[in-house]
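Asks: The residues making up each chain are set out below.
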Amino acid sequence: MRLTIKALGWIIILLWIITLTLPFSAALSLLKLAEGRNLGVQEPTFTFSNGNISITMPVYINNTGFYDITEANVKIRIWKENVAIADMLASLPEIPAGQMVNASCTFTTNFREIFQKDRTLLTKDANLNVNATLRFQVAHLIAFSIARVFPTQWGAPFHNLTVYGETYNSTGHVLSFYISFNNHAFFSISGFLTVGIFNSAGETVGMTSMDLNVPYGVSFMEFVEVAVDPSKMTGDIYVRLFFADLEVFERMIRL
Amino acid sequence: MSEFELQHGLNRRRLGLRVAKALLKTAAYAVFWLIVWFLTSMLLASFPEYFKLFSVLAGGLLFFTFAMALAEGTIYQHILVIIRAFFLIVYLAYATHGGVLTINLEGLAFTVEFVPLLALMIMINLLEIAWGMLQALEFAAKSPKD
Numbered sequence: 001m002r003l004t005i006k007a008l009g010w011i012i013i014l015l016w017i018i019t020l021t022l023p024f025s026a027a028l029s030l031l032k033l034a035e036g037r038n039l040g041v042q043e044p045t046f047t048f049s050n051g052n053i054s055i056t057m058p059v060y061i062n063n064t065g066f067y068d069i070t071e072a073n074v075k076i077r078i079w080k081e082n083v084a085i086a087d088m089l090a091s092l093p094e095i096p097a098g099q100m101v102n103a104s105c106t107f108t109t110n111f112r113e114i115f116q117k118d119r120t121l122l123t124k125d126a127n128l129n130v131n132a133t134l135r136f137q138v139a140h141l142i143a144f145s146i147a148r149v150f151p152t153q154w155g156a157p158f159h160n161l162t163v164y165g166e167t168y169n170s171t172g173h174v175l176s177f178y179i180s181f182n183n184h185a186f187f188s189i190s191g192f193l194t195v196g197i198f199n200s201a202g203e204t205v206g207m208t209s210m211d212l213n214v215p216y217g218v219s220f221m222e223f224v225e226v227a228v229d230p231s232k233m234t235g236d237i238y239v240r241l242f243f244a245d246l247e248v249f250e251r252m253i254r255l
Numbered sequence: 001m002s003e004f005e006l007q008h009g010l011n012r013r014r015l016g017l018r019v020a021k022a023l024l025k026t027a028a029y030a031v032f033w034l035i036v037w038f039l040t041s042m043l044l045a046s047f048p049e050y051f052k053l054f055s056v057l058a059g060g061l062l063f064f065t066f067a068m069a070l071a072e073g074t075i076y077q078h079i080l081v082i083i084r085a086f087f088l089i090v091y092l093a094y095a096t097h098g099g100v101l102t103i104n105l106e107g108l109a110f111t112v113e114f115v116p117l118l119a120l121m122i123m124i125n126l127l128e129i130a131w132g133m134l135q136a137l138e139f140a141a142k143s144p145k146d
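Residue numbers (this note's numbering), protein chains in the order written: chain P, 1 to 255; chain R, 1 to 146.
Chain P with its partners taken away, still in its complex shape (with noise of 0.2 Å):
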């Protein structure tokens, strides 16, 4: 019995110095990593493709301190007026302690469900609030996070967008607008614009797509022609403008 005490003593006090000790090796880790030029993040690029909107932004970590670093990942959530429109996710590589592991960190979020969520992001420029959190494991047992939030100016991919100077030609069956945006938005605009045309009881009368390809900042303005059904032709008429399978605008024609 005084033996098993006495072993049960020393277990504890071997126990307690090493659970006090990890807490603050791993912060003396954490400041080793933080002095210096051990944490670098590079330009960020934009891309748009497939509906799928990408930052991507290359990172270089050198692991100075004296533990692994893992499950690290960058989590980016925006909103608008309370509404959550995205949420992306970006893992690192486990950084083993003592080396340095260049890596890039991707986000990729889908087009169509921003804009399900909010269709006035399409058109209109807004003030949006970025909550950015990096977390990581060091030791493999203390987790850190770092949570930040700051306001974001969204411009619009297709801002002003506007559809005038209507002619029908009641001849040739054609009916020809201009369309006219700018992009506003931080990435190229590239896909289809489709334009179709619908009678007052919602039927098609005629459709045609555009390929577009806008890059960021610059206006865009098209002269479009669209052939026509004159039977399902009515006085009214509306024009509907869809991309990535989104309708971005309407708009009704008196003719």
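Mixed in with the good hints, there may be bad ones.
With beta-carbon atoms standing in for the labels, derived distance ranges [stated by the list, open to error]:
| no. | chain 1 | residue 1 | chain 2 | residue 2 | range |
| --- | --- | --- | --- | --- | --- |
| 1 | R | LEU108 | P | ARG112 | 32 to 38 Å |
| 2 | P | THR21 | R | GLY60 | 18 to 24 Å |
| 3 | P | LYS6 | R | ARG13 | 45 to 51 Å |
| 4 | P | GLY51 | R | LYS52 | 50 to 56 Å |
| 5 | P | ALA103 | R | LEU101 | 38 to 44 Å |
| 6 | P | PRO44 | R | ALA130 | 54 to 60 Å |
| 7 | P | LYS6 | R | SER46 | 54 to 60 Å |
| 8 | R | GLY60 | P | ALA97 | 34 to 40 Å |
| 9 | R | ALA130 | P | ASN82 | 49 to 55 Å |
| 10 | P | MET1 | R | LYS52 | 39 to 45 Å |
| 11 | P | ILE18 | R | ARG13 | 41 to 47 Å |
It is worth saying that the hints were derived from the structure and are not from the lab.
Note that the structure is predicted; figures quoted are calculated from it, not measured.
Even for Gly, the Cβ is constructed at its ideal location relative to N, Cα and C.
Model the placement of chain R on the given structure of chain P, informed by the hints.
Replies: Same frame as chain P, but now just chain R:
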């Protein structure tokens, strides 16, 4: 002077000595906690209620140091070890919000999650409870019966 008075005087002297010894030990521990306070307050002062929580921990452990020194050589010393371990379990779980601490520094929310470490600390305290129980049992087994 009767034998009873002599015995009574001796007991009072022994108690006084024991209190003085306990006070001295507690004072030494108080100096230790003061040093810990100076070392940690610079880094951890931003944590909410840090001063209050540190005071409760230091005060509680100083009380146990004094009480255990006073009860040295009795079964109460081992019972106090068990109570101290219970106190630490409750304190650690409450003060660390279950192992997740968050502070806000100039627009940055900094969170530390150490649930496995807290579990380890609780496990150590459970071991300490078992240790205290074994010591109390051994003490009771060795004590002469009335």
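Asks: Hints the structure violates: just list their numbers, smallest first.
Replies: Violated hints (numbers, rising): 3, 5 and 7; every other hint is consistent with the structure.
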